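Student: Produce the entire structure from the sequences given, and follow the hints as far as they go.
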Amino acid sequence: MSFELPRLNYSYDALEPFIDKETMEIHHSKHHQAYTDNFNKAITDFPEVQEMELTEIFKNLNSLNIPEATKTAIRNNGGGYINHKIYWDSLAPQKEENTDLAREIIKNFSSLEEFKKQFSEIALKQFGSGWAWLVRTPEDKLKIYSLPNQDSPYTIGDTPIFNLDVWEHAYYLKYQNRRAEYTENWWNVLKFF
Numbered sequence: 005m006s007f008e009l010p011r012l013n014y015s016y017d018a019l020e021p022f023i024d025k026e027t028m029e030i031h032h033s034k035h036h037q038a039y040t041d042n043f044n045k046a047i048t049d050f051p052e053v054q055e056m057e058l059t060e061i062f063k064n065l066n067s068l069n070i071p072e073a074t075k076t077a078i079r080n081n082g083g084g085y086i087n088h089k090i091y092w093d094s095l096a097p098q099k100e101e102n103t104d105l106a107r108e109i110i111k112n113f114s115s116l117e118e119f120k121k122q123f124s125e126i127a128l129k130q131f132g133s134g135w136a137w138l139v140r141t142p143e144d145k146l147k148i149y150s151l152p153n154q155d156s157p158y159t160i161g162d163t164p165i166f167n168l169d170v171w172e173h174a175y176y177l178k179y180q181n182r183r184a185e186y187t188e189n190w191w192n193v194l195k196f197f
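Positions 5 to 197 (the numbering used here) are the ones given, in order, by the sequence shown.
Since the hints were derived computationally from the structure, they do not count as laboratory data. From a predicted model like this one, the values you see are computed outputs, not experimental measurements. Just so you know, not all the hints are guaranteed correct.
Unchecked claim - Pairwise CB distance ranges, derived in the manner of DEER restraints:
1) Pro142 to Lys111: 13 to 23 Å
2) Thr59 to Glu143: 11 to 21 Å
3) Arg11 to Glu101: 15 to 25 Å
4) Asp144 to Phe197: 19 to 29 Å
5) Ile110 to Lys45: 41 to 51 Å
6) Lys145 to Phe197: 14 to 24 Å
Built from N, CA and C at the ideal position, the CB exists for glycine as well.
Tutor: If you want it as structure tokens, here you go:
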């Protein structure tokens, strides 16, 4: 099985003015497409990996019986593939209320405002390229953290709920070096609340 560039549930200009059309088009059709192509190349000679579900590849990445160089290519390019898929799926031009998630966040972080503050701080503190994550731990707790590059929470046993891409390609055309402004505006297109 090979992986295809996921279709978006909205047009490239649908997240304006918070994420601009040009950034969306380049981010999706160029960056994500490159991760897709390179992920497929990395697993070409490994049918046992090609037959696995996407999440299972990352849950089992460290124990796969494949060369270390291939694991690295999967971590980098497959990570870019799955991380972007989660990112696109968590964005929308209009909110889709998820009261269960909001209730759970309030239970874990005292309020939505406190959660947003903590999540944004994690995103801003991520040194260099990476992602801010809201995940569910194996103990069924919600947790916020960042990971560098294209690392995936699946590889450490957590299940992603949503993420924020803090690689510069996600915001530089519109926001230049203003990651804080990008992060603040991203909350307007996060579909959950």
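Student: If a hint holds in the structure, say so; if it doesn't, say that too.
Tutor: Hint-by-hint comparison with the structure:
no. : hint                         : result
1   : Pro142 to Lys111: 13 to 23 Å : 18 Å, holds
2   : Thr59 to Glu143: 11 to 21 Å  : 19 Å, holds
3   : Arg11 to Glu101: 15 to 25 Å  : 24 Å, holds
4   : Asp144 to Phe197: 19 to 29 Å : 20 Å, holds
5   : Ile110 to Lys45: 41 to 51 Å  : 44 Å, holds
6   : Lys145 to Phe197: 14 to 24 Å : 19 Å, holds
In terms of the numbered hints stated before, the structure departs from none.
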